[in-house]
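Number of protein chains: 6
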Amino acid sequence: MPSHEIDVLQYQITQEPYYQPTGNEVALYEAAYAERLPVMVKGPTGCGKSRFIEYMAWKLKKPLITVACNEDMTASDLVGRYLLDANGTRWLDGPLTVAARIGAICYLDEVVEARQDTTVVIHPLTDHRRTLPLDKKGELVNAHADFQLVISYNPGYQSLMKDLKQSTKQRFSGLNFDYAEGAVEAAIIAKETGTDEDTAAKLVKIGATARNLKGHGLDEGISTRLLVYAARLIKQGINPNAACRMALVAPITDDADIAATLKHTIDAVFG
Amino acid sequence: MPSHEIDVLQYQITQEPYYQPTGNEVALYEAAYAERLPVMVKGPTGCGKSRFIEYMAWKLKKPLITVACNEDMTASDLVGRYLLDANGTRWLDGPLTVAARIGAICYLDEVVEARQDTTVVIHPLTDHRRTLPLDKKGELVNAHADFQLVISYNPGYQSLMKDLKQSTKQRFSGLNFDYAEGAVEAAIIAKETGTDEDTAAKLVKIGATARNLKGHGLDEGISTRLLVYAARLIKQGINPNAACRMALVAPITDDADIAATLKHTIDAVFG
Amino acid sequence: MPSHEIDVLQYQITQEPYYQPTGNEVALYEAAYAERLPVMVKGPTGCGKSRFIEYMAWKLKKPLITVACNEDMTASDLVGRYLLDANGTRWLDGPLTVAARIGAICYLDEVVEARQDTTVVIHPLTDHRRTLPLDKKGELVNAHADFQLVISYNPGYQSLMKDLKQSTKQRFSGLNFDYAEGAVEAAIIAKETGTDEDTAAKLVKIGATARNLKGHGLDEGISTRLLVYAARLIKQGINPNAACRMALVAPITDDADIAATLKHTIDAVFG
Amino acid sequence: MPSHEIDVLQYQITQEPYYQPTGNEVALYEAAYAERLPVMVKGPTGCGKSRFIEYMAWKLKKPLITVACNEDMTASDLVGRYLLDANGTRWLDGPLTVAARIGAICYLDEVVEARQDTTVVIHPLTDHRRTLPLDKKGELVNAHADFQLVISYNPGYQSLMKDLKQSTKQRFSGLNFDYAEGAVEAAIIAKETGTDEDTAAKLVKIGATARNLKGHGLDEGISTRLLVYAARLIKQGINPNAACRMALVAPITDDADIAATLKHTIDAVFG
Amino acid sequence: MPSHEIDVLQYQITQEPYYQPTGNEVALYEAAYAERLPVMVKGPTGCGKSRFIEYMAWKLKKPLITVACNEDMTASDLVGRYLLDANGTRWLDGPLTVAARIGAICYLDEVVEARQDTTVVIHPLTDHRRTLPLDKKGELVNAHADFQLVISYNPGYQSLMKDLKQSTKQRFSGLNFDYAEGAVEAAIIAKETGTDEDTAAKLVKIGATARNLKGHGLDEGISTRLLVYAARLIKQGINPNAACRMALVAPITDDADIAATLKHTIDAVFG
Amino acid sequence: MPSHEIDVLQYQITQEPYYQPTGNEVALYEAAYAERLPVMVKGPTGCGKSRFIEYMAWKLKKPLITVACNEDMTASDLVGRYLLDANGTRWLDGPLTVAARIGAICYLDEVVEARQDTTVVIHPLTDHRRTLPLDKKGELVNAHADFQLVISYNPGYQSLMKDLKQSTKQRFSGLNFDYAEGAVEAAIIAKETGTDEDTAAKLVKIGATARNLKGHGLDEGISTRLLVYAARLIKQGINPNAACRMALVAPITDDADIAATLKHTIDAVFG
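Chains as they are written, first to last, in full-length UniProt numbering: chain D, 1 to 271; chain G, 1 to 271; chain V, 1 to 271; chain R, 1 to 271; chain X, 1 to 271; chain A, 1 to 271.
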């Protein structure tokens, strides 16, 4: 039988996540949180958006509820639904409602994947009302004073079919993210994997080349995450060349020419 | 277990919402309400339509039930449905039915998002009948004498795919809204955020420039709401330039050229 | 808990609805009803089709069951469905089945909105069989001797995607409706709103101009209903000019040129 | 609570339906039935296909189960489904299964409306197997010796999107139907309505003209059913001219030119 | 209440089906069965694919479970689902699971009609694993040693939209079927219907002509099944000419020219 | 009644699967597993991807849970759902949740078939979080230390409509697979079927010819699996020529020219 009480503690970030600021984003976020402004974090795949929010939740000591958005997500998945019980139907709050009640930061990851019109349910939470009407339950939830809404958004994805509506966008303040500059990214890789700085620098060099191919055969550049994968395989004793092919080439392209270009770069860097 | 009684008090607006009239809209609305004419409020995102309705509900001392419309909303979401109970099925009124029974103002926000044909259920409530047939329950609800229906509508959105049918439109009287004139808008910003009048005026200046870009790279201009966001970030000690980029640029465009134009304007205004 | 018995009285029209005949439509309908021929009432939005059917139901002293058709309506919404009860499933008749059992006039409003193929369920009720098979219940309902089916249909709406099938159309006799002639329409407005005849005549004049714009920027002309709205706002003390803009311009067009033309007409008429 | 037993008697045709043979169709059908060959009856709207099947069921003294096919019909609607009961789920046979068990003629009306692939469920009933697998129940129903399957089909409707598959068609023998020849059709109208032969002949003349317009502005000609409607209105004392406009013009066209042509024909015939 | 035990005997073919081999297909199938290779039987409508499988099931003394595939078939329809019982939910095996448990030949008829991706559920049953994971039940079924999977496939149907995926096709061995040669087909018709050999030969001649029209106005030729229908109508005393029109022309074409060509052939053959 | 406990033992691979390494894939996989990196195995149909994962699960002594992905698979099918029980609803973990709890390798076969956005649920399991939020249950599952996610992917399939999103791809390391080189493939066939080496070599020769037709009339080459099928039919005494037509031609093409080319190759090789 499902538990009748939400376990709030599970949403607290207990350990400081590793996060390397690259500008004034921490101060900007703190100001937005102080005003409880909704925040939109924008940027390419794997540049650290989710980890930044986790870091801020840890820093602000607020619970964090993350929802991976997808096309099949209905408003009920966010808001809640009735379940059938031995005593009849019982209402189960969805993650957005839980966040509004307990005063969590609610992070809707890849919100552009959700049906445009499902996102309408967040509107009354993002203006002066700060309420969430549970129409099916006949209840109007007033958000907890600590509640804040955050969404992530990858500008490279949106299209005519999938974009946020202006009436949604205009409810958020925004922070732009990108991959870290060379030296910072190398430091991140070295710190996270324990690899030597020379290897980390070489991996960053390969990443930089691949990011230049974006729009010329690659949909996106190689993310910091994949560079970390390569470093971890090297740490396990795999030859750098093979590790890079496994972590940096195979996952991101099926095109023989692009793959050859990437392998050529790897060979040039690791000799 | 869901409550069997609707809590009417939760729909009463207990505090006067801040609203700055810009014309004769209050008198027009009062006349329409006196005749119980359905009202359509038209205008761009974030110009204050929802707050106006909230203000009128407060002024008229009527409960207000707001429904954020979306494409996935079914007639049952408006009208009601059967829930399963320990003793079998139990009918739960939807928000439109609740409003009709208790004599509330029912505000269907962004009605153009609802499926065109779902809106058909409001027809018998908007002519001389003032009834709502609950076909699935075999009941015909006669609307309370205080009931009124209001819808909002953003003319910039409708398209061949999404527009209200004439047979729906011709059941409403209409009120046009737009962003407030410069001085009024600055006063609104200053009043709402406690920022100084100089900053407010500068923000309004940036807003005016952006609204000229509508149709030339921007789908909509910058709303008053976003100008308020910028003012609140500045109040938190954020540099005006950074605050404007966070509140006025990042959320509304992914286009590098448009963003550059907006940042140029910000730099010109805030020096 | 839903009632097990249908309350027939609620479908009786107890007060004579105001209806002003414009031709021989009353006699034609009476003959069709005497033969129990299915009737299709055709005409533009707001010209009085629904009220005519209400008037005839009152005149013939038959209960009237109205169903507002829409794209999401399933055959079950018309015919009935099983509900879950403390003792298992229980069948609930839909409005069409109720009408067939109690001998009501069943009025399917805006039938062209229903899915073409859902309308197939009315076929056996509209030929010599006069039966309604409840396939899911294993019952064949023989229609009450007083039962009659009526549908409304707006010729201006149908398209390749939405039109009745010939095999449906050829089960109906038809009555064409249009807006009333000038003097008659002015009398209707004066009678319904208590406004003076001069104002009513001026409103009719504005309506006539707008109806000439149909197909030249307006999808439909201004309905009698909207002229009545304007008269009611004027009765509430609103300036005729402002009342006409609210009732006759704002709801029906978003086009600045068309709106200007209409406002020009209003100014010309009301000075 | 739904009845646990099917009432077979309700499917018996107790009174001889009026049917006027126009060729050797009765003998052909009897031979097909003797061999239990599935039969496809083809022809335009309202030419008497359904009534012919009713007549044959009466003549052969077999129960008749008619299903009006539509796009939303699922295989479960034909075959059956589980219902929830006080003691758990209970299987309810669909109309096709009932027909197979009791040895009825099962008539799938307008089968071309059903989803192409839903029709696959009839395949094992239409070859040497004569079985119906109820996959969801784990039962294989052997059809009663008297069972026969009949479908109707309007060749004017099928399109690339909606046509029977060859693997379905090739399981049927076929009978072509059309409107009756002039004298026969007049006799049918006179017999069914009690109108005089002169009026009937005039109506048939109008029908013949309209049928020549098929493909030249009319999707289908005027069916015998509509001619009968006109005769019945005339019998009620309505002027023939007005009766024809109501029964023969309004239901079948919204085109002013076509309507004028039809009215001209009516005037020419009835003077 | 549904039975808790599958009645295995109902799937045994107790009488030898009439099947006339036309090549080495019996030996090939026996070898494939000995190796439990999945088999795909390919060929046009009504050429005897289903009967061949029935014959082989009889010859091998294995139960046969046939599933008529269709577009609306879900994986649950094949694999099984939970039903609600007085004591809660109860799992009901689908036909594929039943076949895997009892060691039946499972025959998926017209598999190309099933949603491409639904066919994925058969993959683990068609490689070295011979397992069927019931994800919803948390059970992994190991197929009975006698289990074999067979699918039928009509190459004339597949299109860009509907074709089996290579990853499905490459799990099957294949057998091609076609209509029998003239003398063999005549013998089949005479044997099945008891008609004289002269009539059978004449029908085969008509069939041969029609098959030449395939691709020139006919989607498929006339199947052996339809020739058998014609012979059965003739046996019932129907004139051969009329019987052929009913069985060979009406069901397969709505085109007047093609129908005329076929009737001309019939007249030429039967005089 | 469904079992309340998952039987973990059923997911253990108890016998060493036959797998012939063709490069350093075993070492690369072991390194990826040591780091718990998600792995994507890429390659054409039937080249041994699934068997490789089975082999690695056996080698690493970890349970393996395989899910055959398909378009109709919902997030609930992966994650779990509520079932109705005698005591109300009860949560049933889906295969992904089971794998995360017990520390299994979860293998999503043909992941490209799943709806793009359903794959979003795997995101939090594939980054530093290694968590799986069960939104509907209000529980956050921390993955077992042994858990690893593996997906298979056939580059020949993806299209504009069906491809993994970059934000999914960039969470995986990748291993490319292809058919084995000639001598190795012949050894595999001989080992698996017990056929003589000469026959195996001849089959490999036919396979090589067919793989050259890929993109020139064949969507994919002949897989090793089909060559094994041919060898097994030959072992059953079927003439090699007939065995190859049944196993290598009929299943993979409906094109007469391509079939003729393949048969010509078979005749040339087997004489």
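Hints should not be assumed to be uniformly reliable.
Copies of the same chain look alike in the list, so a pair counts if it works inside one copy or between any two.
Simulated pairs of lysine to aspartate or glutamate, EDC-like, Cα-Cα distance not exceeding 16 Å [claimed, not checked]:
hint, residue 1, residue 2
1, 137, 93
2, 235, 35
3, 191, 255
4, 165, 77
5, 263, 196
6, 137, 7
7, 191, 77
8, 263, 181
9, 165, 219
10, 235, 7
11, 61, 71
12, 62, 219
13, 191, 71
14, 235, 219
15, 61, 181
16, 137, 16
17, 59, 127
Please keep in mind that the hints were generated in silico from the structure rather than gathered at the bench.
Tested hints:
no., hint, result
1, 137 / 93, "both (10 Å within a copy, 9 Å between copies)"
2, 235 / 35, "between (45 Å within a copy, 9 Å between copies)"
3, 191 / 255, "neither (33 Å within a copy, 34 Å between copies)"
4, 165 / 77, "neither (20 Å within a copy, 22 Å between copies)"
5, 263 / 196, "neither (22 Å within a copy, 41 Å between copies)"
6, 137 / 7, "between (22 Å within a copy, 11 Å between copies)"
7, 191 / 77, "neither (38 Å within a copy, 38 Å between copies)"
8, 263 / 181, "neither (23 Å within a copy, 23 Å between copies)"
9, 165 / 219, "between (24 Å within a copy, 9 Å between copies)"
10, 235 / 7, "neither (38 Å within a copy, 36 Å between copies)"
11, 61 / 71, "neither (31 Å within a copy, 37 Å between copies)"
12, 62 / 219, "neither (35 Å within a copy, 35 Å between copies)"
13, 191 / 71, "neither (36 Å within a copy, 41 Å between copies)"
14, 235 / 219, "neither (29 Å within a copy, 40 Å between copies)"
15, 61 / 181, "neither (29 Å within a copy, 42 Å between copies)"
16, 137 / 16, "neither (38 Å within a copy, 27 Å between copies)"
17, 59 / 127, "neither (25 Å within a copy, 21 Å between copies)"
In this structure, the earlier hints numbered 3, 4, 5, 7, 8, 10, 11, 12, 13, 14, 15, 16 and 17 are contradicted, and the remaining ones agree with it.
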